Amino acid sequence: MTAFGPFVVATAEEAAVHSDGGWLAAGAWLIPVVPMVVTFLIVFFGKRSPLKGWGMAAATLGFVAVYGVALFVANLGDGIYYEKAIHLADVGTQSMGEHVGEALVFEWGWIVDGLSIMMYALVGVVGFLVFVYAKGYMEGDVRYTWFFASFTLFAGGMLVLVSAPNLIQLIVGWELVGVSSYLLIGHYWEEHENSSAAIKAFLTNKVADVGLFVGAIMVGTSVGSFRFSDIMSTVAEGGGESPLSRFGFWAGVALFIGAMGKSAQFPLHVWLPDAMAGPTPVSSLMHAATMVTAGVYLVGRMFPFYAVDGFADDVRWLILVVGAVTLFLTGLIALVQDDIKKVLAYSTLSQLGYMTVAMGAGAYTAGLFHLFTHGFFKALLFLCAGSVIHAVHSNNMSDMGGLRRPMPITFWTFAVGAYALAGLPLLAGFWSKDEILASLSFAGSAESGLTTAQGGAALANVVLWVAIAGAFVTAFYMTRAVWLTFFGAYKGHANGLARPHESPRIMTYPLVGLAIGAALFGFLNVPGLTTVFTDTVGVRFFEGFHDLEHHATSINWLLALLGTAAAAAGVALGYRIWGPDADTQQARDTFTVPVLYPLLARKYYIDDFYMDGVVRPLRGPVARAVDWFNGHVIDLVVNGAGFLARGLGRYVYAFDQRGLDGAINASAGAASMTGGFLRLFQTGRVQQYAVMIFAGMVILVAGLIIFS
Amino acid sequence: MIITQFLIVGAALFSLGVYGVLTRRNAVLVLLSVELMLAAVNINLVAFDRFVADQLAGGQIFALFVITVAAAEVGIGLAIVLLIFRNRHSANVDELDLMKL
Chain S
8 MTAFGPFVVA TAEEAAVHSD GGWLAAGAWL IPVVPMVVTF LIVFFGKRSP
58 LKGWGMAAAT LGFVAVYGVA LFVANLGDGI YYEKAIHLAD VGTQSMGEHV
108 GEALVFEWGW IVDGLSIMMY ALVGVVGFLV FVYAKGYMEG DVRYTWFFAS
158 FTLFAGGMLV LVSAPNLIQL IVGWELVGVS SYLLIGHYWE EHENSSAAIK
208 AFLTNKVADV GLFVGAIMVG TSVGSFRFSD IMSTVAEGGG ESPLSRFGFW
258 AGVALFIGAM GKSAQFPLHV WLPDAMAGPT PVSSLMHAAT MVTAGVYLVG
308 RMFPFYAVDG FADDVRWLIL VVGAVTLFLT GLIALVQDDI KKVLAYSTLS
358 QLGYMTVAMG AGAYTAGLFH LFTHGFFKAL LFLCAGSVIH AVHSNNMSDM
408 GGLRRPMPIT FWTFAVGAYA LAGLPLLAGF WSKDEILASL SFAGSAESGL
458 TTAQGGAALA NVVLWVAIAG AFVTAFYMTR AVWLTFFGAY KGHANGLARP
508 HESPRIMTYP LVGLAIGAAL FGFLNVPGLT TVFTDTVGVR FFEGFHDLEH
558 HATSINWLLA LLGTAAAAAG VALGYRIWGP DADTQQARDT FTVPVLYPLL
608 ARKYYIDDFY MDGVVRPLRG PVARAVDWFN GHVIDLVVNG AGFLARGLGR
658 YVYAFDQRGL DGAINASAGA ASMTGGFLRL FQTGRVQQYA VMIFAGMVIL
708 VAGLIIFS
Chain Y
171 MIITQFLIVG AALFSLGVYG VLTRRNAVLV LLSVELMLAA VNINLVAFDR
221 FVADQLAGGQ IFALFVITVA AAEVGIGLAI VLLIFRNRHS ANVDELDLMK
271 L
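Protein chains in written order, with this note's numbering: chain S, 8 to 715; chain Y, 171 to 271.
Just so you know, not all the hints are guaranteed correct.
[Said to hold, decoys possible] Examples of chain S residues lying across from chain Y (beta carbon under 10 Å, computed):
#1 686
#2 687
#3 688
#4 689
#5 690
#6 691
#7 692
#8 693
#9 695
#10 697
#11 698
#12 701
[What the hints assert, rightly or not] Sample of chain S residues lacking proximity to chain Y, with all beta carbon distances greater than 12 Å (derived):
#13 332
#14 409
#15 513
#16 572
#17 644
#18 671
No lab work stands behind these hints, which were simulated from the structure alone. Remember, it's a predicted structure, so these values are computed and weren't measured experimentally. Ideal Cβ placement from N, Cα and C applies to all residues, glycine included.
Let the hints inform the model, and build the full structure from the sequences given.
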């Protein structure tokens, strides 16, 4: 190992020897397939089964959780790298790239490597806990069975996405989770705004999918194959003249746009807050822990493409900027939200910004580590929010207050989650956020490769300070959330029932489970001490690539201090404003800062812009214009053909009546006239007949004499 | 005596007969005119026989046939005229136009 300063460069010789995972990896195709199959079982047999479909769903997620953890443990030894694909079809012939004349291959398969295993474990464990929680939360719901069918479909789709060995299968999984997101956000579709939110989510993602498809096509056709392993070996061969490096920049931008939609980066973030219309377990699993991380996963899966010089590494400045903007601006909006789920939604947006920033800074492990820890504590926070909502029958923090006494478990787990999210020392969020800050600082220093991009190092330093400010804002709004919900006096009415009480055990046990994860998983990757996470996630890429990523060998105490100080400042300010006085808490919360508040409350007017600038014109004038065109131009062609046929028919009729029938009648008339004329010879008088005979004879004889 | 003298007589008689057939109103007189035509034909036949000097004397024998046929024909013709006269009380051929269309 060569080491200079606190940083270490991984070189090829150190790449671990990996195993192929044995029967565990060979059987890993079950992980995506079982949920997909069980979805259909639930749809067809769920209502008849004793647990109404929940049993099948939870068993499936439990299976995935166990399998994922087993793979995780097995991976800790030598590191598993296994990939298998089943050939489906050959399409056409390629006209460019190294594989001219060969066909594009379509396959279905599964990958078992560190990154996939991390996602299997995340989806499985968090998913299982959320499913258990959902049994209590969705009790008595009118569409209970269908809810679990859609949820299992989501799990299957997500697992298809993360097990995909090629871009096509990833897109299949991407769309599957998009569909199930639509179904689940619109679960309470009786309210029009819920179905509108579902459509908004779907369409925003669809806009971003244009980028995804374009990027996938560009990469696939220039490499000659959609397989990630082929793409990575093309990248490993180096930049220069290969087709992939010619299109690399734009393909990278396009793929990142796709990631922006799914991971809700600015300005395609608008769907995530509205997606809170769905049931809380959905918000917890999909819109915090797993689905929204698919974009970050994609960038991670394509990481060498974005890291190696000559391909898409210039896109990283865009990723940094987008991530930083998202990180900071959405965090600010969380300050003015009354709905507790919206606070957490904007918090999710902000944390996704952190993950994106990490990817942009070239810190693969840091970004994915934050994805992992965030999955646990954000899911936890959402489930706690659901527990509180369940108790007070309202989403709004202005109806809550003083809940820490009646709901102790919820309170303590929420506190653990909030503490982790704020990045305060020792819990998971601290370690993962700190790694991101460290990688940003490294990227901003002279040794990083980002200096080759336009002002890359300076940008990284700016983003570092934005990230630290973001930590302050995060702590600030979380403190507000904690204090408004759990401290002070109870402000709600809970429909005139008895005061709110703790949720049933089926809902609180998952809270505790997730809280343990939120607390402890940070220790998986303490710089310089444990590198469990790095070894797990990174094993595949570190062969064949030099200097792909930089791992710190010790904690950067300065940054850790800065981050903690920012968070502590946020907590202190929050406590100062909303903490001490139970009576003035509500008044202080409704105080609106003059210019800033409307801007934040209207979400920087972006939703208004989309609605008035895009949706309304399309729905109104454009739709009307298209309708006019359809009715008057296209229908004109059809109607015109009808008119022509009718006119033609009239002429044919006239011709038939007067022409044809006339001819026939005329011939009959001619026959009749001839008969009438000939009748005149038939007088009945013999002497006239005799005259005719003699006259004829004379003519004949005369003719004979003359002509012979 | 040359043959044309006899042929002219025969032609004359024949023409008179034709005139009679075509113009006479009485049915009996029409039959009479037909007899005249047949007689004229006989003259022609005998004249040709005399001047061509046929070994079999075909002309004379044919003339005998004609006479026989004429006789038979007159018998039947007159019988028909008699019946017509009984039915229509008139022997005027101009009035026999029942076959008119």
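Checked hints:
| no. | hint | verdict |
| --- | --- | --- |
| 1 | 686 | holds, 5 Å |
| 2 | 687 | holds, 9 Å |
| 3 | 688 | holds, 9 Å |
| 4 | 689 | holds, 4 Å |
| 5 | 690 | holds, 6 Å |
| 6 | 691 | holds, 3 Å |
| 7 | 692 | holds, 5 Å |
| 8 | 693 | holds, 6 Å |
| 9 | 695 | holds, 9 Å |
| 10 | 697 | holds, 6 Å |
| 11 | 698 | holds, 6 Å |
| 12 | 701 | holds, 6 Å |
| 13 | 332 | holds, 113 Å |
| 14 | 409 | holds, 128 Å |
| 15 | 513 | holds, 116 Å |
| 16 | 572 | holds, 135 Å |
| 17 | 644 | holds, 64 Å |
| 18 | 671 | holds, 25 Å |
Consistency note: the structure conflicts with none of the earlier hints.
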